[in-house]
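**Q** Sequence:
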Amino acid sequence: MGTELNTVQLSIFSHRFMSIAEQMGRVLQRTSISTNIKERLDFSCAVFGPDGGLVSNAPHIPVHLGAMQETVQYQVRSRSKGCLNGIN
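Residue numbers (UniProt numbering): 1 to 88.
Just so you know, these hints were derived from the structure itself, not from any lab.
From the three backbone atoms N, C-alpha and C, an ideal C-beta is built for every residue, glycine too.
Check before you lean on any hint, since a few could be wrong.
Ranges of calculated distance between the beta carbons of each label pair, as one might list FRET restraints [to be verified]: (1) Arg-40 <-> Glu-4: 35 to 45 Å; (2) Glu-4 <-> Ser-34: 37 to 47 Å; (3) Val-8 <-> Thr-35: 34 to 44 Å.
Using the sequences and the hints, build the whole thing.
**A** This is the structure we're talking about:
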């Protein structure tokens, strides 16, 4: 398979990543002891790529997502050597 994706593959992977983000949110809500998370659903879940770019997000509270990508990209830049080597 080449590096180009057709529209069917793009749709499949888009839905897979969205499903992962949604499942993250359900687990977070189910296991949380915080009222803000458990009842008010005040959280966001997303999947990011290796460069910190947003791949997919769950439709919980998308207001957080504007800052999440920048925050993740900052962490990737500032801790990239340790993260790439699997070290905290």
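**Q** Would you mind marking each hint as holding or not holding in the structure?
**A** Comparing the hints with the structure gives:
Against the hinted window of 35 to 45 Å, the Cβ-Cβ separation of Arg-40 and Glu-4 comes to about 43 Å, which satisfies the hint. Glu-4 and Ser-34 have their C-beta atoms about 44 Å apart, which keeps the hinted 37 to 47 Å range intact. With their beta carbons about 42 Å apart, Val-8 and Thr-35 fall inside the hinted range of 34 to 44 Å.
Of the numbered hints given earlier, the model fails none.
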